[in-house]
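> Keeping the supplied structure of chain V fixed, place chain U with the ligands upon it in accordance with the hints.
Just so you know, the sequences run in chain order V and U.
Going letter by letter, the first sequence gives residues 1 to 530 in this note's numbering.
Going letter by letter, the second sequence gives residues 1 to 553 in this note's numbering.
Note that these hints are calculated values from the structure, not bench results.
C-beta: ideal position from N, C-alpha, C; glycine also.
Treat the hints with care, since some could be wrong.
On the chain V side, residues computed to face chain U include the following (Cβ under 8 Å) [stated by the list, open to error]:
1. SER48
2. ASP52
3. GLU65
4. ASP165
5. VAL210
Just the calculated beta-carbon pair ranges, DEER-fashion [to be verified]:
6. GLU307/V x SER335/U: 33 to 43 Å
7. ARG522/U x GLU141/V: 55 to 65 Å
8. TYR445/U x ARG255/V: 29 to 39 Å
9. LYS105/U x GLU484/V: 29 to 39 Å
10. PRO184/V x LYS105/U: 40 to 50 Å
11. LYS257/V x ALA446/U: 25 to 35 Å
12. ARG318/V x ASP87/U: 30 to 40 Å
13. ARG318/V x GLN256/U: 44 to 54 Å
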Amino acid sequence: MAISLLNPKAEVARAAQALAVNISGAKGIQDVMKSNLGPKGTMKMLVSGAGDIKITKDGNILLHEMQIQHPTASLIARASTAQDDMTGDGTTSTVLLIGELLKQGDIYIAEGLHPRILTDGFDKAKTKALEVLDKIKIAIEPNKENLTDVCRTSLRTKVHQKLADVLTDVCVEAVLALKSQDKPVDLHMIELMQMQHKTETDTTLVKGLVLDHGSRHPDMPKRLENCYILTCNVSLEYEKSEVNSGFFYKTAEERDKMVAAEREFIDQRVKKIIELKKKVCAGNNKSFVVINQKGIDPMSLDQLAKEGIIALRRAKRRNMERLALACGGVAMNSFDDLSESVLGYAGVVYEHVLGENKYTFVEDCKNPQSVTILMKGPNKHSLDQIKDSIRDGLRAINNALEDKAVIPGAGAFEVMANKELMQWKDTIKGKSRLGVIAYAEALLIIPKVLATNSGFDVQETIVKLQEESRINPEPIGLDLVSGEPINPKDAGIFDNYIVKKQIINSCSVIASNLLLVDEVMRAGMSSLKG
Amino acid sequence: MTNTQEILTLQFGHYANFVGTHWWNLQETSFQYNSNTPSEINHDVLFREGHNSKGLVTFTPRLLLVDLKCSLKSLPTEGELYESLPDIAHYSGVNWDENKLDIRKEQKQHKNEFQQDIDNPKTLQQFSQKKYNLEDSTEVWSDYLYSRFHPRSVNIINEYQHCNKETPFDTFSLGTELWKTDFFQEDFVDKIRNYTEECDHFQGFHVLTDCTNGFAGLSSSCLEDIRDEYDRKSVLVFPTIPSFFPDNEYKTDREQVTSIMSDSTRVINLLLSFNNFKQHSNMFSPLCTSKDGWRQPGESRQFYHVNYNFKLPYHSSAILASALETITLKYRLKSNTFSTMDLYADLTANGRKAVATSICLPFSFNCDAYLIDCLDQWEGPLYQSLTPRCTIGTNRVMQHLTISGISESKIKKPYNFAGKQKDMPAYKYNSVKEMLEYYLACTTYATASHVTAVEKPLTVKPPYPDIFDKIIGSDGNVNMNPRSDNTIIESVPVLAGLHSGTELGEMLESLHSEARKLKIARFHQFTIERDEYEECLNDILTFKEEYEDSYLI
Ligand SMILES: Nc1ncnc2c1ncn2[C@@H]1O[C@H](COP(=O)(O)OP(=O)(O)OP(=O)(O)O)[C@@H](O)[C@H]1O
Ligand SMILES: [Mg+2]
Numbered sequence: 001m002a003i004s005l006l007n008p009k010a011e012v013a014r015a016a017q018a019l020a021v022n023i024s025g026a027k028g029i030q031d032v033m034k035s036n037l038g039p040k041g042t043m044k045m046l047v048s049g050a051g052d053i054k055i056t057k058d059g060n061i062l063l064h065e066m067q068i069q070h071p072t073a074s075l076i077a078r079a080s081t082a083q084d085d086m087t088g089d090g091t092t093s094t095v096l097l098i099g100e101l102l103k104q105g106d107i108y109i110a111e112g113l114h115p116r117i118l119t120d121g122f123d124k125a126k127t128k129a130l131e132v133l134d135k136i137k138i139a140i141e142p143n144k145e146n147l148t149d150v151c152r153t154s155l156r157t158k159v160h161q162k163l164a165d166v167l168t169d170v171c172v173e174a175v176l177a178l179k180s181q182d183k184p185v186d187l188h189m190i191e192l193m194q195m196q197h198k199t200e201t202d203t204t205l206v207k208g209l210v211l212d213h214g215s216r217h218p219d220m221p222k223r224l225e226n227c228y229i230l231t232c233n234v235s236l237e238y239e240k241s242e243v244n245s246g247f248f249y250k251t252a253e254e255r256d257k258m259v260a261a262e263r264e265f266i267d268q269r270v271k272k273i274i275e276l277k278k279k280v281c282a283g284n285n286k287s288f289v290v291i292n293q294k295g296i297d298p299m300s301l302d303q304l305a306k307e308g309i310i311a312l313r314r315a316k317r318r319n320m321e322r323l324a325l326a327c328g329g330v331a332m333n334s335f336d337d338l339s340e341s342v343l344g345y346a347g348v349v350y351e352h353v354l355g356e357n358k359y360t361f362v363e364d365c366k367n368p369q370s371v372t373i374l375m376k377g378p379n380k381h382s383l384d385q386i387k388d389s390i391r392d393g394l395r396a397i398n399n400a401l402e403d404k405a406v407i408p409g410a411g412a413f414e415v416m417a418n419k420e421l422m423q424w425k426d427t428i429k430g431k432s433r434l435g436v437i438a439y440a441e442a443l444l445i446i447p448k449v450l451a452t453n454s455g456f457d458v459q460e461t462i463v464k465l466q467e468e469s470r471i472n473p474e475p476i477g478l479d480l481v482s483g484e485p486i487n488p489k490d491a492g493i494f495d496n497y498i499v500k501k502q503i504i505n506s507c508s509v510i511a512s513n514l515l516l517v518d519e520v521m522r523a524g525m526s527s528l529k530g
Numbered sequence: 001m002t003n004t005q006e007i008l009t010l011q012f013g014h015y016a017n018f019v020g021t022h023w024w025n026l027q028e029t030s031f032q033y034n035s036n037t038p039s040e041i042n043h044d045v046l047f048r049e050g051h052n053s054k055g056l057v058t059f060t061p062r063l064l065l066v067d068l069k070c071s072l073k074s075l076p077t078e079g080e081l082y083e084s085l086p087d088i089a090h091y092s093g094v095n096w097d098e099n100k101l102d103i104r105k106e107q108k109q110h111k112n113e114f115q116q117d118i119d120n121p122k123t124l125q126q127f128s129q130k131k132y133n134l135e136d137s138t139e140v141w142s143d144y145l146y147s148r149f150h151p152r153s154v155n156i157i158n159e160y161q162h163c164n165k166e167t168p169f170d171t172f173s174l175g176t177e178l179w180k181t182d183f184f185q186e187d188f189v190d191k192i193r194n195y196t197e198e199c200d201h202f203q204g205f206h207v208l209t210d211c212t213n214g215f216a217g218l219s220s221s222c223l224e225d226i227r228d229e230y231d232r233k234s235v236l237v238f239p240t241i242p243s244f245f246p247d248n249e250y251k252t253d254r255e256q257v258t259s260i261m262s263d264s265t266r267v268i269n270l271l272l273s274f275n276n277f278k279q280h281s282n283m284f285s286p287l288c289t290s291k292d293g294w295r296q297p298g299e300s301r302q303f304y305h306v307n308y309n310f311k312l313p314y315h316s317s318a319i320l321a322s323a324l325e326t327i328t329l330k331y332r333l334k335s336n337t338f339s340t341m342d343l344y345a346d347l348t349a350n351g352r353k354a355v356a357t358s359i360c361l362p363f364s365f366n367c368d369a370y371l372i373d374c375l376d377q378w379e380g381p382l383y384q385s386l387t388p389r390c391t392i393g394t395n396r397v398m399q400h401l402t403i404s405g406i407s408e409s410k411i412k413k414p415y416n417f418a419g420k421q422k423d424m425p426a427y428k429y430n431s432v433k434e435m436l437e438y439y440l441a442c443t444t445y446a447t448a449s450h451v452t453a454v455e456k457p458l459t460v461k462p463p464y465p466d467i468f469d470k471i472i473g474s475d476g477n478v479n480m481n482p483r484s485d486n487t488i489i490e491s492v493p494v495l496a497g498l499h500s501g502t503e504l505g506e507m508l509e510s511l512h513s514e515a516r517k518l519k520i521a522r523f524h525q526f527t528i529e530r531d532e533y534e535e536c537l538n539d540i541l542t543f544k545e546e547y548e549d550s551y552l553i
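Next up, chain V with everything else stripped away, as it sits in the complex (with noise of 0.2 Å):
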């Protein structure tokens, strides 16, 4: 899918220089982002020659779906989308920021500052501006309310408000079934399931585990309850390991022969589930659910179905753990200590039909600590676009437990370090400080944007927000709904820490060098007439 941005070829016959180059394919870049930044910001649908769509508001994917052909363009875009690989988020802010940081420090470098002089204003801006950083974090405590804070703020950018509380909910509350003390959480212990059917806002979380296979046999319960589960990763399928040569004949009975060892093997195997099954279900209403990560043939379900158990085949490897942590028990490699102690429980297991595919729920588990997020939608662009929606939130949930921090957002962060670099840099000494200066400004992108985005005029709003922040400790941003400054943590917008401090690393070292890029250009020139 196409957004072509400008053709790097002519681009270079009209600006002779690399700076230009730079700059303007920075431009571009900037341009197809601007209009994604923030909750009133556009979204985008994707329409390709075939026919598939994509629908995204997010940076990371939109630069994932453009061909860009401009170098520089696509040096940003993958020093964007790294910061995505890392923290899941602040891809459009990386963009924008690196657009403003080389339109700033352009203007200077116009009126003859040396590249390098700049530059080292932008380290010392850099350094400057993480103190603020550190400064404007507030420390959080792991509670349902600060991680649904920053959880709906990131989701509110993704999609609509009415799903994102939706989704928001779901998110919080996987990462908290998930989270025991102190302990780092392991995301993919949240299985994220599609099922393309109702919509979005039907997407829920289960307390459990949901697989996207059923029972291959017709004659299996469809539902079960108060089931033992047995998960393991043991082959129950006939598998010939002797061979027939096209060369050499065996006779029929010579191969029946080597058929009915290799079956008897199979068959051991399942009368041990079958032994233990009747062990654990006699004289109660227990019954029993084999999740195998092996196949399970025919033969093997069938006798498996005439005990009245439930046999998958086939499971996700990473379900076995995920399975042990739902319903408890100990995934098996052999079936040599079969046991009561290795069998988890789920009050019950259940199948679901939808077209040609089936889904099995291991649900009422006891404290699970792996859980599903099922999500729903009309087709596969929107269950797509809720699954992307669904990682980052569960990222910008993860990344707040790490940091233990949140940043109030709404543009409060750049509003305050504009306005702190601006009074700081008095002390700078030399022509440096002039990158101070570039560097701060370059800052206030964030909150223009967010004011372009929401029909609000661009300066009367900076100038607000500039004037409260001069009277005002606390952190000012911008009121999306009325233009007015805010203070983000009354309105309950947090973004991450972590996030914003990679944005702050990353944009000055590469604005930093592609400025210099005109330096090494020219170095390199006079070198070769020398």
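Positioned in the frame of chain V, the structure of chain U with the ligands alone reads:
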């Protein structure tokens, strides 16, 4: 309950997909839905039955294919078999404010006449009787794709764009890196599992893969994972090599340098992937319609009664697909219990996992002649090798051949009218299988040949290219008079084989000696250390040695 042993096909890369497309087409155009004579072939081995959202029964290839962004042209990723294309007019607004929606539409991809015809129920019935000139309208494989895929079949890599010279997907290392992304680790691996979970007697994998570009690394990594998860399943790999690389037609010195570099890169990719296939497959057979395969594909192989344009992947891949269709019949027949594992037992003794593929396409003889005469008068080799740098010998070879399309009545004259035929020792054989085995026994030395005969010929009507001589008639026989321009060839007899012999050692040796000349450190797109590369070279050398001592059985 049937005992079909299902196979999952994986296709990696654009040329592999060209081959695969022809292969699926060959099969589907031969389906007879209302026939009284049940098919000899068990299509459930390679296809799966399902039903779409409207509850209609579907029968689609059990297939996962991978290609790069922009390689599909008019084919939607999910296809339209299960659900019609999403209608953007029906955007619900649940997801975002409607007035803050920026719709960016690419220009609609034009469908060629063939695609239009098979899309339209009115013209669908006649497509196989029409000439389409797909040579001109084929840019990508989906242009001549007749099969309709399951929504999970097509997997498009977003990171690299088809034919983009700025960011080429051209090295093994790029492929192994890509395999580590969630797209493969989670989604693709899950799709493999979804397919295998459906199977009652899953047999294993067919893997068709490009092996001169990044897909070499991607498929190699995939095989490693498959070995891990499906340890006892069969893995049969067909590395495919195009018979033409556009960069080989350089005009300037600079282009020549680039082309030589590309040839070297391809050699490294081949070396690394062959070494991987040797470890992680049960058997592999490199395929190319040109003789040399690497450095440059070289002179194209000639087949009796065939005129093809080696520069067109649409043509060369059709020949490779015909061979695949034919050799795999061996374990896709309803009548036998032969499986891929049995094939390996015969062909890969002593670790000789590389085998050669051959074809005689078409296996045509005069419309009034008999197989016995045809074999009697045959000059030169019966089949052509499709494996590069490998001439299939007649000395100490283990081989499995499949012949299809020769009916019992065409074996020999009936006794009362046989005349001189009766004097031939071969006359005593009554089946195609026996007669061909006898012929092979007479023309080879210390060679074990196993023949499978299938009555049904190879269906070559459109979209298969018209690559046959004018004297081949619509039934695939050699006629006295050239066929008219608008005659469509329906089907042709064909012979194809898999062969294991010392000649494969020569192929490996040639690859080794080319690869050894290259200084890996100079190819910085490869993230492989010198030691590792040396080790790989050594492994290939050891592998080659497996073919040296001429033991038999
Ligand atoms: N309710 C709100 N009011 C004002 N500003 C908000 C609100 N919610 C989020 N923001 C601001 O929007 C910005 C984040 O926007 P967005 O998530 O679209 O871009 P991003 O995080 O830079 O990139 P990505 O596309 O990777 O998420 C942050 O600066 C955040 O503070
Ligand atoms: Mg964000």
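> Now tell me, hint by hint, if it's right for this structure.
A quick look at each hint next to the structure:
Restraint check, SER48/V versus chain U: the minimum CB separation of about 5 Å is within 8 Å; hint holds. Proximity of ASP52/V to chain U holds as hinted, the smallest CB-CB distance being about 5 Å (cut-off 8 Å). At about 7 Å, the closest approach between the beta carbon of GLU65/V and any beta carbon in chain U falls short of 8 Å, and the interface hint on this residue holds. For ASP165/V, the suggested interface contact is broken, since its CB lies about 12 Å from the closest CB of chain U, more than 8 Å.
Proximity of VAL210/V to chain U is violated relative to the hint, the smallest CB-CB distance being about 14 Å (cut-off 8 Å). The hint said 33 to 43 Å for the Cβ distance between GLU307/V and SER335/U, and at roughly 36 Å that hint holds. Separated by about 57 Å at the C-beta atoms, ARG522/U and GLU141/V satisfy the suggested range of 55 to 65 Å. Taking 29 to 39 Å as the suggested C-beta distance range, the pair TYR445/U and ARG255/V conforms, at roughly 31 Å.
Between LYS105/U and GLU484/V, the C-beta spacing of about 38 Å keeps the proposed range 29 to 39 Å intact. Between PRO184/V and LYS105/U the beta carbons are some 44 Å apart, a value that agrees with the proposed interval 40 to 50 Å. In this structure the hint that LYS257/V and ALA446/U lie 25 to 35 Å apart at CB holds, the actual value being about 32 Å. Range check, ARG318/V to ASP87/U: Cβ separation about 35 Å, and the 30 to 40 Å hint holds.
With their beta carbons about 50 Å apart, ARG318/V and GLN256/U fall inside the hinted range of 44 to 54 Å.
Hints 4, 5, counting from the list given before, are not met by this structure.
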